[in-house]
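Asker: Listed below, chain by chain, are the residues.
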Amino acid sequence: MLRIKKYFSGLRASGAEVLRDPIQRRKFLKYLLIHLVMLAVSLVFIYPLLRIFSISLRPGDKLFSTDLSLIPDNATFVAYASLLKDTMFLRWLWNSLLITLATSFIGVSLASTAAYAFSRFRFPGKKAGLILLLSSQMIPAGMLILPLFLMIMKLKLMNTYLGMIIAYSVSSLPFSIWILKGYYDTIPRSLEEAALVDGTSQVGAFWRIILPLSTPALSIAFLFNFTTAWNEYLVARVVLFSSKQYTWTLGLFELQGQYITQWGMFAAGSMLVTIPVLAVFLYSSKWLISGLTLGSVKG
Amino acid sequence: MEILKSIYEVAGFIVLIALGVAALEGYFYYHFKCHDRAWFFPVALAAFPAAAVVAAAAILGDYQFRLWFYFLAAEALIAAAFRYAVKGRHTVPYLLLAPAFIGLALLLVYPFVFEVYLSFHDLKLTTIMMWKNTGSLPFVGLRQYFDVFTTSPLSEVTFWALLGRTLVWTFTNVFFHVAGGFALALLLNNAIRFKGIYRTLLVVPWAMPQVVAVLAMRGEFHSQNGFVNIILAKLTEVFPFLVSLGVGPVQWLSDYPLLTCTIINVWLGIPFMMVVILGGLQSISSSYYDAADIDGASYFQKLRFITMPLIKPVLMPAVTLGTVWTFNNINVIYLVTGQAGGTEQADILVSALYKAAFTYNRYSYSAAFAIVVFALLFFISVTYLHGFDAAKEER
Chain A
36 MLRIKKYFSG LRASGAEVLR DPIQRRKFLK YLLIHLVMLA VSLVFIYPLL RIFSISLRPG
96 DKLFSTDLSL IPDNATFVAY ASLLKDTMFL RWLWNSLLIT LATSFIGVSL ASTAAYAFSR
156 FRFPGKKAGL ILLLSSQMIP AGMLILPLFL MIMKLKLMNT YLGMIIAYSV SSLPFSIWIL
216 KGYYDTIPRS LEEAALVDGT SQVGAFWRII LPLSTPALSI AFLFNFTTAW NEYLVARVVL
276 FSSKQYTWTL GLFELQGQYI TQWGMFAAGS MLVTIPVLAV FLYSSKWLIS GLTLGSVKG
Chain B
2 MEILKSIYEV AGFIVLIALG VAALEGYFYY HFKCHDRAWF FPVALAAFPA AAVVAAAAIL
62 GDYQFRLWFY FLAAEALIAA AFRYAVKGRH TVPYLLLAPA FIGLALLLVY PFVFEVYLSF
122 HDLKLTTIMM WKNTGSLPFV GLRQYFDVFT TSPLSEVTFW ALLGRTLVWT FTNVFFHVAG
182 GFALALLLNN AIRFKGIYRT LLVVPWAMPQ VVAVLAMRGE FHSQNGFVNI ILAKLTEVFP
242 FLVSLGVGPV QWLSDYPLLT CTIINVWLGI PFMMVVILGG LQSISSSYYD AADIDGASYF
302 QKLRFITMPL IKPVLMPAVT LGTVWTFNNI NVIYLVTGQA GGTEQADILV SALYKAAFTY
362 NRYSYSAAFA IVVFALLFFI SVTYLHGFDA AKEER
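These protein sequences, in sequence, are chains A and B.
Going by the working numbering, the first residue of the first sequence is number 36, and it counts up by one from there.
Going by the working numbering, the first residue of the second sequence is number 2, and it counts up by one from there.
Possibly wrong hints are sitting among the right ones.
[To be verified] 16 Å max Cα-Cα, derived EDC-like pairs, lysine to aspartate or glutamate:
1. B:Lys133 / B:Asp63
2. A:Lys189 / B:Asp63
3. B:Lys125 / B:Asp148
4. A:Lys191 / B:Asp63
5. B:Lys133 / B:Asp123
6. B:Lys88 / B:Asp37
7. B:Lys303 / B:Asp291
8. A:Lys279 / B:Glu3
9. A:Lys279 / A:Asp121
Read the hints as simulated data drawn from the structure, not as lab findings.
Only a predicted model underlies this, so the values are computations on that prediction, with no experimental measurement involved.
Looking at chain A on its own, in the form it has when it is part of the complex (with noise of 0.2 Å):
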């Protein structure tokens, strides 16, 4: 029992020097609650998740019981057969995987060159440039979405990829220019300078040198412009109408919003979509955290 107590509250004292110094004791009656706070929040912000595991495994004729167990009785994956044989789940995925690797691309390939400029030139225009970039993370997120409804509409491009990867493309170019110039500007000057005494272009400088040097930053940049796209809801709801186009977030949402039905595959479809998101998230997390605050730090 001492040895636990020892344990958790991460003090170097035996557990009988513990409990007879004072000082110690309230250290580790003051550890003890602080655990005690993280594990009762810890659970509260992991519950939702922990049911709808429990929803998705539920068998049908049980899924509005009013148990709280995580692993139900009778506990089957015939939710997760029947999402992927009787949905188009899977054509869901599909189209939303393809126009998010194509708006990820475009945008990233885009803010890799103009991040480059911003970070190595002086120009005219320059501080113009950067607080447009700025200035376009206040535009309301619902307000672009109606013009941008109808030049698609004008361009006849309504529920296909291409009307739904030119909505997206540059919506996260701002920020993902913002992280590169960020982690340019990290970049010693010297290494460039060097490749030009050899005899490079400042072009071929940027292609040979900087690049392959970037990729930490660029797999950063894709990823952020991944997740935005990827979890994008509300202009796939106005741009996609036949559900055979839907990207994963219209389907779930259809799914659950015949929810007598389909609450046990809305569950199953929910899981398959969040463990990898979950997983690329925790993954990158640090590094997509450290490009959040990068600008105000240095500032």
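Got chain A; can you put chain B on it based on the hints?
Answerer: Same frame as chain A, but now just chain B:
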């Protein structure tokens, strides 16, 4: 087969974009390199408007003679600008920036300008066919703006009610995000075991796809099957006296939609603030606290006089960002209330804007509405940032 077809479609589009970018770079390269040649103007004025007219005909599907004049005038202006103002300087940075900024101009600036245009005209379900065929719309001046302040964007709720609700919504959410995030970050900043595990568990709401998180929570607020009501019911079973205090299962989605949305959004937003604040806390040097300990400062004194001032430069931008995000948060409210039979008791400005445009099809009205909301948000952000700069000067 269909999969192959979709790959061809998207890959073809990307190739098209690459070709477009190459053409664009060639266009600008010509202007940078040849601006002082004798044949610069004749070649530019002959070649580029023609190419632009062909491209426009390919994209729009019909040939419009008047486009010649627009493109000719535009090209004359651009060519003159390159010969007399730019003069071939800063070639490399401008060529590097061109694709991104043309993209932003087409998909961010142009839609914005188009929104302003729409707000002075009358586009609705009855005039949209006319607009599709002829491209022109009746001009109505400021009437849409007048309507924004006098009529309801949905069926009954007014602009002023929405404004008040939005301010309350933003303030409540940001307050709980910062308070919750701060408390959790302070706890996590202790030298405790399993810190990494706690941190990982606590960012789950932020890391989940928002659509899944909100829809799942919406299900959990269902009156019979949601765990919120199940727990409330169990509580009242165990402690019957709670019933007399008014505690018990409630019809969350129909009776308290805004409260439900707020709870969901607080749950979603705390992790971001926690992570940002934790980063700030970890960057504070421990020597400040050691010095304060020697002076005999209490925990709250240290919090007030060391932590607070030092965390401010990290906190202020995060709060600004959080305010803008919360103000703009259509997702939570639309996903909770947006279906047929959904209530409008929970709508804030931006979700009403979205519904006015796409549920009620009042396009021009919602354009004017959007401009008003943008002006408001711009004003709030500038005030915030101004305060932030002032705080920085002080430091």
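Asker: Hints first: check each against the structure and report whether it holds.
Answerer: The hints, checked one at a time:
1. B:Lys133 / B:Asp63: holds (13 Å)
2. A:Lys189 / B:Asp63: Status holds; Cα separation ~12 Å.
3. B:Lys125 / B:Asp148: holds (14 Å)
4. A:Lys191 / B:Asp63: The hint holds at about 13 Å.
5. B:Lys133 / B:Asp123: holds (13 Å)
6. B:Lys88 / B:Asp37: Satisfied, since the Cα-Cα distance of roughly 8 Å is no more than 16 Å.
7. B:Lys303 / B:Asp291: holds (10 Å)
8. A:Lys279 / B:Glu3: holds (11 Å)
9. A:Lys279 / A:Asp121: holds (13 Å)
Consistency with the previously given hints is maintained throughout, with no hint failing.
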